[in-house]
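Q: With the sequences and hints as input, model every part of the structure.
Taken in order, these protein sequences are the chains called W and G. For what it's worth, the numbering used here labels the leading residue of the first sequence as 1, then goes sequentially. For what it's worth, the numbering used here labels the leading residue of the second sequence as 376, then goes sequentially.
Possibly wrong hints are sitting among the right ones.
Stated by the list, open to error - Below 16 Å or equal to it, Euclidean Cα-Cα: the simulated EDC-like pairs (lysine to aspartate or glutamate) are:
no.: 1; chain 1: G; residue 1: Lys395; chain 2: W; residue 2: Glu50
no.: 2; chain 1: G; residue 1: Lys419; chain 2: G; residue 2: Asp383
no.: 3; chain 1: G; residue 1: Lys397; chain 2: W; residue 2: Glu29
no.: 4; chain 1: G; residue 1: Lys397; chain 2: W; residue 2: Asp53
no.: 5; chain 1: G; residue 1: Lys419; chain 2: W; residue 2: Glu29
no.: 6; chain 1: G; residue 1: Lys395; chain 2: W; residue 2: Asp53
As the list claims (entries may be wrong) - Computed Cβ-Cβ distance ranges for the label pairs, DEER-style:
no.: 7; chain 1: W; residue 1: Gly324; chain 2: G; residue 2: Lys419; range: 24 to 30 Å
no.: 8; chain 1: G; residue 1: Gln407; chain 2: W; residue 2: Lys331; range: 54 to 60 Å
no.: 9; chain 1: G; residue 1: Gly441; chain 2: W; residue 2: Pro57; range: 33 to 39 Å
no.: 10; chain 1: W; residue 1: Gln340; chain 2: G; residue 2: Glu402; range: 42 to 48 Å
no.: 11; chain 1: W; residue 1: Ala90; chain 2: G; residue 2: Gln407; range: 30 to 36 Å
no.: 12; chain 1: G; residue 1: Ser420; chain 2: W; residue 2: Pro63; range: 49 to 55 Å
no.: 13; chain 1: G; residue 1: Glu402; chain 2: W; residue 2: Asp154; range: 43 to 49 Å
no.: 14; chain 1: G; residue 1: Lys419; chain 2: W; residue 2: Ser6; range: 24 to 30 Å
no.: 15; chain 1: W; residue 1: Lys282; chain 2: G; residue 2: Val433; range: 25 to 31 Å
no.: 16; chain 1: G; residue 1: Val433; chain 2: W; residue 2: Tyr278; range: 49 to 55 Å
no.: 17; chain 1: G; residue 1: Gln407; chain 2: W; residue 2: Glu360; range: 32 to 38 Å
no.: 18; chain 1: W; residue 1: Arg61; chain 2: G; residue 2: Ile436; range: 27 to 33 Å
no.: 19; chain 1: W; residue 1: Lys354; chain 2: G; residue 2: Ile436; range: 43 to 49 Å
Said to hold, decoys possible - What the simulated footprint calls covered on chain G by chain W, stretch by stretch (three residues with Cβ under 8 Å from a Cβ of chain W suffice, anywhere in the stretch; the number is not a length):
no.: 20; stretch: 384-394
no.: 21; stretch: 435-448
Think of the hints as simulated: they come from the structure by calculation, not from any bench. Bear in mind that the values here come from a model prediction, so they are computed numbers and not experimental data. The beta-carbon is built from N, C-alpha and C at its ideal position, and this holds for glycine as well.
In case you want the letters, here they are:
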Amino acid sequence: MAKIISVKEVANKIIRGEKMFIVDARNAEEFANWRIEGKNVEVVNIPYFEILDGVEPFLDRLPKDKNTTIYSVCAKGGSSEFVAEQLEQAGYQNVYSIEGGMKAWSEHLEPVKIGELKSGGTLYQFVRLGKGCLSYLVESNGEGALIDTNRMTDVYVRFVKEHGITIKHVIDTHLHADHISGGRKLAEQLGATYYLPPKDAEEVTFSYTPIQDGDRIQVGNVVIKALYSPGHTIGSTSFIVDDQYLLTGDILFIDSIGRPDLAGKVQDWVSDLRQTLYKRYKQLADDWVVLPAHYMGPNEMNEDGSVAEALGVLYKQNHGLNIGSEEEFRKTVTENLPPQPNAYKEIRQTNMGKLSPDEEQQREMEIGPNRCAVR
Amino acid sequence: MNVAKVLDAKGLSCPMPVVKAKKAMDELTSGQVLEVQTTDKGAKSDLPAWAQASGHKVIDIKEENGILTFWIEKG
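A: The structure is reproduced here in structure tokens:
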């Protein structure tokens, strides 16, 4: 029988930068679209249905040393067990099937402590490695605010219970198009206020509290300030935590910038995006740490598993912040864009409350990478 | 269409529909048609991909009431 490893253990290995050799047993199309990534992760695609008689035809793509640890993964965790057994039969001694497959991988959230807050408190980042989504918990004096949460609400609920935190505020920086927000559900469940930027919420079917430029939210001893920063969407709002951290949503990432085309108004929003990145953010302190709502690849992850960088460093290193002419900027963010995220229109409608897909349908809608950025 | 064998793989999940389809196909001769019934969503793309990799030909696919039926001709 093949050994099993949980996605949590896989996440920890990736964050620690361990070397991993993964056999992805899904079909070539699914593999090309989306896979497990990490700094020291090597993945080969060997569909399970091509090794029904054994792995011998693929030995040249597998490690020569039969003692090398191999991890197998598939869509849901069934075929990867089959593949692990085939690898064992070929003589590999240390084979682990990743439990729950890419489905579980896509839904795993790993909490990473970003740092202490000057006014007293802690900031945590929840890293969704399988999809590159980042969400946040600001804690101070037993109170908390959650920002840009994913639909796996039980993870946050468990975490705040374990840490004795009472969530008072749940915030979305904008109406998300790549993942289903857990915001509304969490606010209901925890008795918190749910904030949305009103310009992104014109079509929502539920009640919410509008959050506008200059608004201040008190969390224990810490103040979270809203900074209107349109461009990815018309409502996109950034949040300044304790005058130390800048939560940028999908406007500014570590190695890329937001794309303005996911709500059908690309030409209108280009100049907003330019203004936000080249004027509004420029007035902020260089040493504030940027915490985005997404990351695109392992190169954006720090040694401790966090995804964060000082604003001043980004102004030097991020290509999207260093495009001199407005015309070139317009071209960069409107032409040759990556494919739009899977089911992004349906995801937007779900986040507006217009669609109510069941959990299985929500999973299907979120399959694949987030693709919210332009490089 | 002349179906030589029917494989009922309903209720089975990945990888079993493909594993069983392969076993059933091994008993057929070139040109014969295997009918595979499955309820596994993953099979929708994996059965054709397996058929292609193994030199078989998917002649028809039907989806009805959550049941996927494939007709695959042995290569």
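Q: Under the constraints set out in the numbered hints, which ones does this structure not fulfil?
A: 3, 7, 12, 15, 19 and 21
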